[in-house]
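Student: Working from the sequences, and respecting the hints, build out all of it.
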Amino acid sequence: MGSLGRVLILVEEGFEDMEYFVPYYRLIEEGFTVDTASTRIRVIFGKHGYTAKPQILTKDVEPGEYNGLIIPGGKSPGKLRLDMHTLRVTRDIMVSGRIVATVCHGPQVLISAGVLKGRRITCHPSIKDDVMLAGASYIDQPVVVDKNLISSRKSEDLPYFCRELVRALKGLNSK
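Going by my numbering, the residue at position 3 of the sequence shown is 76; the numbering climbs one at a time, nothing skipped.
Incorrect hints may have been included.
Said to hold, decoys possible - Now the in silico label distances, taken between C-beta atoms and shown as ranges:
id, residue 1, residue 2, range
1, PRO198, GLY104, 32 to 42 Å
2, PRO232, ILE212, 17 to 27 Å
3, TYR123, GLY191, 14 to 24 Å
4, GLY170, GLY104, 15 to 25 Å
5, ASP213, ARG236, 14 to 24 Å
6, PRO215, TYR98, 17 to 27 Å
7, PHE118, GLY244, 26 to 36 Å
Said to hold, decoys possible - The list that follows gives simulated cross-link-like pairs (lysine-lysine, DSS-like), each with its CA atoms no further than 25 Å apart:
id, residue 1, residue 2
8, LYS190, LYS220
9, LYS148, LYS227
10, LYS132, LYS152
11, LYS126, LYS152
12, LYS120, LYS152
13, LYS227, LYS243
14, LYS220, LYS243
15, LYS243, LYS201
16, LYS126, LYS190
17, LYS120, LYS190
18, LYS120, LYS201
19, LYS148, LYS132
20, LYS148, LYS126
21, LYS190, LYS148
22, LYS152, LYS227
23, LYS132, LYS201
24, LYS201, LYS227
25, LYS148, LYS120
26, LYS190, LYS201
27, LYS152, LYS190
28, LYS201, LYS220
29, LYS120, LYS243
I should point out that these hints are in silico values taken from the structure, not numbers from a laboratory.
All figures in this text were calculated on a predicted structure; none of them were measured in a lab.
Where is the CB? At the ideal position from N, CA and C, for every residue including glycine.
Tutor: Right, dumping it as structure tokens:
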């Protein structure tokens, strides 16, 4: 189990349930080890009432231990972007060329980490101006892959998102 590598998912209160659980279980199904990190260890509620319990604090994350990072949407990114440890982990994984995947409002963390300049991305339409002001090119399609950055607009895009995420992570392992 977990022979393909490790992936980290960042969550806070109000995460978009589907955007957490669908990639979480999809990656486990493929053979990845998936860890969940947050600013505190406690049960966290998603927007629709499902719960997640992080195993690791963002301040204790060693980014080099992970092949990829997932940032689900909902209200969670607005809280995570205020945590300097989250921003450190995000910057490190993004700059290293490992996979960073984000859905919906997830790019808010990338904006605060200062890693979107010159990148192509999609996101929830309500933050498209924010990603463009951060120097990214906004593309309105179900999934956008720009080198190590994978992004989708909303939960309904998850089939496309997960396909590209699995493909990218497996490709990273074959190098």
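Student: What hints, given by number in increasing order, does this structure fail?
Tutor: Per hint list: 3, 15, 16, 17, 23, 29 violated.
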